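2 protein chains.
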Amino acid sequence: MEASDLTGHISRRFNKDLEDLRSAVLSMGGVVETQLSRAIDAIVRGDSALGLKVAGDDYKVNNLEVSIDEECSRILATRAPAASDLRLIVAIIKTITDLERVGDEAEKIGFLASKLAQMDRPTDSYRELNNLGSHVSHMLRDAMNAFARLDVDEALAVIEEDEHVDEEYETISRQCITFMMEDPRTIKRVMNVTWAARSLERIGDHAKNICEYVVYMAQGRDVRHTHAPEEAESTDN
Amino acid sequence: MEASDLTGHISRRFNKDLEDLRSAVLSMGGVVETQLSRAIDAIVRGDSALGLKVAGDDYKVNNLEVSIDEECSRILATRAPAASDLRLIVAIIKTITDLERVGDEAEKIGFLASKLAQMDRPTDSYRELNNLGSHVSHMLRDAMNAFARLDVDEALAVIEEDEHVDEEYETISRQCITFMMEDPRTIKRVMNVTWAARSLERIGDHAKNICEYVVYMAQGRDVRHTHAPEEAESTDN
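Line by line, the protein sequences are chains A and B.
Residues in the first sequence are numbered from 1 upward in steps of one, following our numbering.
Residues in the second sequence are numbered from 1 upward in steps of one, following our numbering.
Please keep in mind that the hints were generated in silico from the structure rather than gathered at the bench.
Being a predicted model, the structure only gives us computed values, none of them experimental.
Be careful, since some hints might not be right.
Because identical chains share one entry, a pair is satisfied inside a single copy or across any pair of copies.
Stated by the list, open to error - With a cut-off of at most 25 Å between alpha-carbon atoms, the simulated SDA-like pairs for lysine to any residue come out as follows:
| id | residue 1 | residue 2 |
| --- | --- | --- |
| 1 | Lys16 | Glu170 |
| 2 | Lys53 | Ser37 |
| 3 | Lys94 | Arg22 |
| 4 | Lys16 | Leu6 |
| 5 | Lys53 | Arg141 |
| 6 | Lys60 | Glu128 |
| 7 | Lys115 | His164 |
| 8 | Lys16 | Arg38 |
| 9 | Lys53 | Lys115 |
All chains should be modelled from the sequences, with the hints used to inform the complete structure.
Quick look at the structure:
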């Protein structure tokens, strides 16, 4: 084999490694999206068994994180990638941490669904949670699409969308306080609704984080924390 | 300059880069610890201005994260570190993400302190929040010490300690529900207490995460997600 063939061979192997890594992240994203959509279904349908199944399946997400993480370290150590390849790997290391935490929130929502299934059910089948859940599911899917296509415009759109999710969460959270004040017998149940809404809001934050890494990957530009300090706002109420 | 001198020179420069990076992480840890301790003080003393100051200072933590992150990428790109040096840098990239999120929780606690300062105050000056706050502050300090000394035993102790923090949080969370049921007029105020307790519990999680990276750095062993799936438990109630 001549030197140039060898170089070409190594470079093709390297590209294949990176391609496999990207596919693994997308497939982890798919698993997490399924977990989230089942967790929301479990709440809406009052399906306790489904909620517990989601919670019990979280280890699958964790295992994916560990194996992708190991592969990133292996590539960093053996290939010493530079420039955009290096940015890709750093972004993947961060992205899978956020995906794993989306998995944790889906696990929590699964447990909450199981509890809510055993309590009085409102006639609207938790429509607000369903709406917020659809909203953040879309954000997560768009974030993974932006990751797959390295689409900066889509990533920036998701980052903006997170503000609407925050507003929707604030509205639900205020409604929950009103319900509890009007009928204190609902407090235990409504607290579970509050926690589920909070978990969904967090998932929106993670989707936003992933999109910030996409911009960093594509442009080498860090768009995190670009708000001036005086614009800082609480997301709590 | 002879080749061996040059190698020695590069190696000394590299070690100095890594040492500076470690110091920067420890100093970021110090800033975050201060933010947390002020946020807790603001709750206990009912000091609205201090709470808002903590919230307003969060940008300092964010700026530290961005600059350390850039330095990690620079070292990865220019030095192509291997083995334990590579593990150090990967662990730092993750650690500063957790520290930044501890900063976010301190920011939230600052805002909550400011709201609580303007409401009726319990005679015990939020003793439970103070206790939980001291507990997680210790965890965070121990985590940063474990990081500084690469002390696996201390890291494992912090990881264990997180279970006690979770129990303490559960107790506070249950108490809050009882208070609200007994006196629905307290609901708005007590919800703020619940959110503050939740933020403190999250900080415990982040300290635990940092300790998991310390073990990975020291041993190249990933101790995350070592619980069997059947042991999975909700941290909500």
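Hint-by-hint comparison with the structure:
For the identical chains of this complex, Lys16 and Glu170 are neighbours neither inside a copy (45 Å) nor across copies (47 Å), given an alpha-carbon limit of 25 Å. For the homomeric pair Lys53 and Ser37, the shortest alpha-carbon distance inside one copy (12 Å) is at most 25 Å, but the shortest distance between copies (39 Å) is not. For the identical chains of this complex, Lys94 and Arg22 are neighbours both inside a copy (13 Å) and across copies (19 Å), given an alpha-carbon limit of 25 Å. Taking the shortest Cα distances, Lys16 and Leu6 sit within 25 Å of each other inside one copy (15 Å), while across copies they are farther apart (36 Å).
When the C-alpha separation of Lys53 and Arg141 is checked against a cutoff of 25 Å, the pair qualifies only within one copy, where the shortest distance is 22 Å, while the shortest distance between copies is 37 Å. Taking CA atoms no more than 25 Å apart as the test, Lys60 paired with Glu128 passes in neither setting, with 29 Å inside one copy and 36 Å between copies. For the identical chains of this complex, Lys115 and His164 are inter-copy neighbours only, at 23 Å across copies versus 28 Å inside a copy, given an alpha-carbon limit of 25 Å. Taking the closest pair of Cα atoms, Lys16 and Arg38 never come within 25 Å of each other, the shortest separation being 33 Å inside a single copy and 50 Å across copies.
In this homomeric assembly, Lys53 and Lys115 come within 25 Å of each other (Cα to Cα) only inside a single copy, at 13 Å, whereas the closest approach across copies is 39 Å.
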